[in-house]
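All chains should be modelled from the sequences, with the hints used to inform the complete structure.
Given next are the chains, with one letter for each unit.
There are 2 protein chains.
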Amino acid sequence: MHNDGLSETILSAKPVFDGRILHVEVLDVTLPDGSPAKREVVRHPGAAAVLPMWPDGTVTMERQYRAPLDRVFWEVPAGKLDHKGEDRLDAAKRELLEETGLVADKWVHLGDYASSVGFTDEVIGLYAACGLHAGATHLDEGEFLRAERRPFAEVLADVLAGRIIDGKTVCAVLQANERLRTGEIVP
Amino acid sequence: MHNDGLSETILSAKPVFDGRILHVEVLDVTLPDGSPAKREVVRHPGAAAVLPMWPDGTVTMERQYRAPLDRVFWEVPAGKLDHKGEDRLDAAKRELLEETGLVADKWVHLGDYASSVGFTDEVIGLYAACGLHAGATHLDEGEFLRAERRPFAEVLADVLAGRIIDGKTVCAVLQANERLRTGEIVP
Numbered sequence: 534m535h536n537d538g539l540s541e542t543i544l545s546a547k548p549v550f551d552g553r554i555l556h557v558e559v560l561d562v563t564l565p566d567g568s569p570a571k572r573e574v575v576r577h578p579g580a581a582a583v584l585p586m587w588p589d590g591t592v593t594m595e596r597q598y599r600a601p602l603d604r605v606f607w608e609v610p611a612g613k614l615d616h617k618g619e620d621r622l623d624a625a626k627r628e629l630l631e632e633t634g635l636v637a638d639k640w641v642h643l644g645d646y647a648s649s650v651g652f653t654d655e656v657i658g659l660y661a662a663c664g665l666h667a668g669a670t671h672l673d674e675g676e677f678l679r680a681e682r683r684p685f686a687e688v689l690a691d692v693l694a695g696r697i698i699d700g701k702t703v704c705a706v707l708q709a710n711e712r713l714r715t716g717e718i719v720p
Numbered sequence: 534m535h536n537d538g539l540s541e542t543i544l545s546a547k548p549v550f551d552g553r554i555l556h557v558e559v560l561d562v563t564l565p566d567g568s569p570a571k572r573e574v575v576r577h578p579g580a581a582a583v584l585p586m587w588p589d590g591t592v593t594m595e596r597q598y599r600a601p602l603d604r605v606f607w608e609v610p611a612g613k614l615d616h617k618g619e620d621r622l623d624a625a626k627r628e629l630l631e632e633t634g635l636v637a638d639k640w641v642h643l644g645d646y647a648s649s650v651g652f653t654d655e656v657i658g659l660y661a662a663c664g665l666h667a668g669a670t671h672l673d674e675g676e677f678l679r680a681e682r683r684p685f686a687e688v689l690a691d692v693l694a695g696r697i698i699d700g701k702t703v704c705a706v707l708q709a710n711e712r713l714r715t716g717e718i719v720p
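For the record, the sequence lines run as chains A and B. When the letters of the first sequence are read in order and numbered with the numbering used here, they come out as residues 534 to 720. When the letters of the second sequence are read in order and numbered with the numbering used here, they come out as residues 534 to 720.
Watch out, some of these pointers could steer you wrong.
Put simply, identical chains are the same to the list, so a pair is met inside one copy or across any two.
Calculated cross-link-like contacts (lysine-lysine; reagent style DSBU-like; alpha-carbon spacing at most 35 Å) [stated by the list, open to error]:
1) Lys639 x Lys617
2) Lys617 x Lys547
3) Lys639 x Lys626
4) Lys639 x Lys613
5) Lys626 x Lys571
6) Lys613 x Lys547
7) Lys617 x Lys571
8) Lys547 x Lys571
9) Lys639 x Lys547
10) Lys571 x Lys613
No lab work stands behind these hints: they were computed from the structure.
See below:
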């Protein structure tokens with residue numbers, strides 16, 4: 534146990550659901566004051582997300598239906614890691630190719646993004662991809678999405694106006710915007 | 534079923550775990566091509582998060598331990614909704630008071646943030662709080678965190694350098710930064 538007055542000690546983890554993607558555990562922990570508590574945790578392999586940026590100021594975005602909120606979202610291309618510990622940049626390259634048919638000459642790490650620290654260990658690696666050219670598209674079976682090139686300025690405006698709310702996409706777009714401003718990214 | 538070629542039809546939802554906070558379901562869905570599939574979904578009440586901004590350029594941040602990733606994070610003050618459908622701004626005001634002892638005269642909506650659309654319906658309302666003054670602190674039982682005022686410029690640098698990775702915090706800080714730039718927020 535850390536003596537920072539904040540950390541909890543995890544005593545045990547009981548699996549309560551083992552799905553195809555999600556694994557849910559209930560942890561027994563000891564709080565900083567020594568009292569016991571339970572924590573419900575969703576184990577997730579993690580993911581990678583890519584903002585593909587073109588020299589003409591457009592970016593490749595996707596429309597994808599998501600069952601948890603029963604609606605279609607504007608998102609950056611993204612996908613789960615094949616296994617926990619897979620290199621996130623490798624996963625980003627694979628997902629970019631699978632979902633958009635693109636390969637990229639230059640990759641910029643936009644940071645990692647812990648989607649909801651209160652209940653899941655999911656971390657999503659965020660990247661900008663520049664120097665884009667055509668590869669071949671192979672959508673995963675059962676994956677339905679529509680890729681579309683849109684002006685980055687329009688996507689940014691949608692993020693700022695709350696028309697785009699997918700978390701990884703909000704983070705990727707705003708992180709990329711800061712780096713466009715500083716010249717760290719030149720599409 | 535929508536005829537957009539993207540949407541799925543949800544046929545049924547089977548509860549597989551009913552916890553204190555999380556409720557996990559396996560959905561039977563029909564894909565756009567008519568074939569069947571299953572979706573694992575974590576139902577979550579939703580949450581609200583607040584970036585408290587002071588006239589001297591500092592913001593109130595928190596250090597909090599999170600069991601899913603077994604480490605301490607820098608975060609903006611935040612908390613779960615009391616029930617699905619609770620007004621997110623009401624929840625933001627309550628959490629700001631409970632966690633930092635502050636009340637605010639001016640609230641700016643920074644957008645909503647869907648934390649991980651692939652597997653959960655959690656949506657977090659993000660707000661900036663200005664015109665801050667002291668109320669009274671009442672931490673929830675079993676909640677251990679440390680609030681600290683830090684220069685916003687330093688927090689922004691931590692976000693851009695990947696030293697802050699909590700998703701709601703990354704989104705709130707970058708959204709607020711855009712609005713400081715445009716003058717929409719004047720702390």
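Results for each hint:
1. Lys639 x Lys617: within (25 Å within a copy, 43 Å between copies)
2. Lys617 x Lys547: both (19 Å within a copy, 27 Å between copies)
3. Lys639 x Lys626: For lysine 639 and lysine 626, the Cα distance is within 35 Å only inside one copy (11 Å; across copies 43 Å).
4. Lys639 x Lys613: within (21 Å within a copy, 39 Å between copies)
5. Lys626 x Lys571: Classified as between: cross-chain Cα gap 26 Å, same-chain 38 Å, threshold 35 Å.
6. Lys613 x Lys547: Cα proximity of lysine 613 and lysine 547: in one copy and across copies (24 Å, 24 Å).
7. Lys617 x Lys571: both (24 Å within a copy, 22 Å between copies)
8. Lys547 x Lys571: both (10 Å within a copy, 24 Å between copies)
9. Lys639 x Lys547: Neither: 43 Å inside a copy, 44 Å across copies.
10. Lys571 x Lys613: Both, since 28 Å and 16 Å are each at most 35 Å.
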